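Chemist: All chains should be modelled from the sequences, with the hints used to inform the complete structure.
In case it helps, the UniProt record's numbering puts the sequence shown at residues 1 to 147.
Since the hints were derived computationally from the structure, they do not count as laboratory data.
Any given hint could turn out to be false.
Pair by pair, the computed Cβ-Cβ distance ranges are [as the list claims (entries may be wrong)]:
(1) R121 - M89: 30 to 40 Å
(2) V125 - G94: 11 to 21 Å
(3) A11 - K75: 30 to 40 Å
(4) P144 - A11: 18 to 28 Å
Please read all numbers here as calculations on a predicted model, not as lab measurements.
Don't be surprised by glycine CBs; every beta carbon is placed ideally from N, CA and C.
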Amino acid sequence: MSALAAGITPAGEGIDGVVWNILGQTYKPVASCDSCFAFDTLFPDGTFVPPHIHSTQDEFIRVLEGRFDLVLDGKPVVATAGDLIRMPMGIMHGIWNKSGSPVRALFWVSPARSLETLFKRIHNVPDPAEVIRIASEHEVEFLPPPG
Numbered sequence: 001m002s003a004l005a006a007g008i009t010p011a012g013e014g015i016d017g018v019v020w021n022i023l024g025q026t027y028k029p030v031a032s033c034d035s036c037f038a039f040d041t042l043f044p045d046g047t048f049v050p051p052h053i054h055s056t057q058d059e060f061i062r063v064l065e066g067r068f069d070l071v072l073d074g075k076p077v078v079a080t081a082g083d084l085i086r087m088p089m090g091i092m093h094g095i096w097n098k099s100g101s102p103v104r105a106l107f108w109v110s111p112a113r114s115l116e117t118l119f120k121r122i123h124n125v126p127d128p129a130e131v132i133r134i135a136s137e138h139e140v141e142f143l144p145p146p147g
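Modeler: Okay, here's the thing in structure tokens:
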């Protein structure tokens, strides 16, 4: 049995070579089934995911390289290489790379729901407002900016 048939995604690759560009960040799917969806990410300096809520999924991040500044349930948090961040469903969270260097991280959600479909739909969509509109069709609610 090959490594891929056994469920191993080779290092640095997405499933079937898939790579998504989502508002300047690189996402590569590495596992997908009903119970979870995992993706390797590269956040260039200055990129972010604004505050949002997954009402039907728990989300996790393992920081592999670099540092994220986050807001979790309204509180600022810093996560560095090796840290695991848990964001329970229904909890607001946002993620920023303000570190001056790229950040690599493994993200996963459980259950998978339609997050993979969302990423397929927003790949190379340049307009953040359109990304937010499409996300709302996939159980991801982006929050309005404060003020």
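Chemist: Does each hint fit the structure? Answer for all of them.
Modeler: Here is what the structure says about each hint:
no.	hint	verdict
1	R121 - M89: 30 to 40 Å	violated, 21 Å
2	V125 - G94: 11 to 21 Å	holds, 19 Å
3	A11 - K75: 30 to 40 Å	holds, 34 Å
4	P144 - A11: 18 to 28 Å	violated, 39 Å
Of the numbered hints stated above, those contradicted by the structure are hints 1, 4, listed in ascending order.
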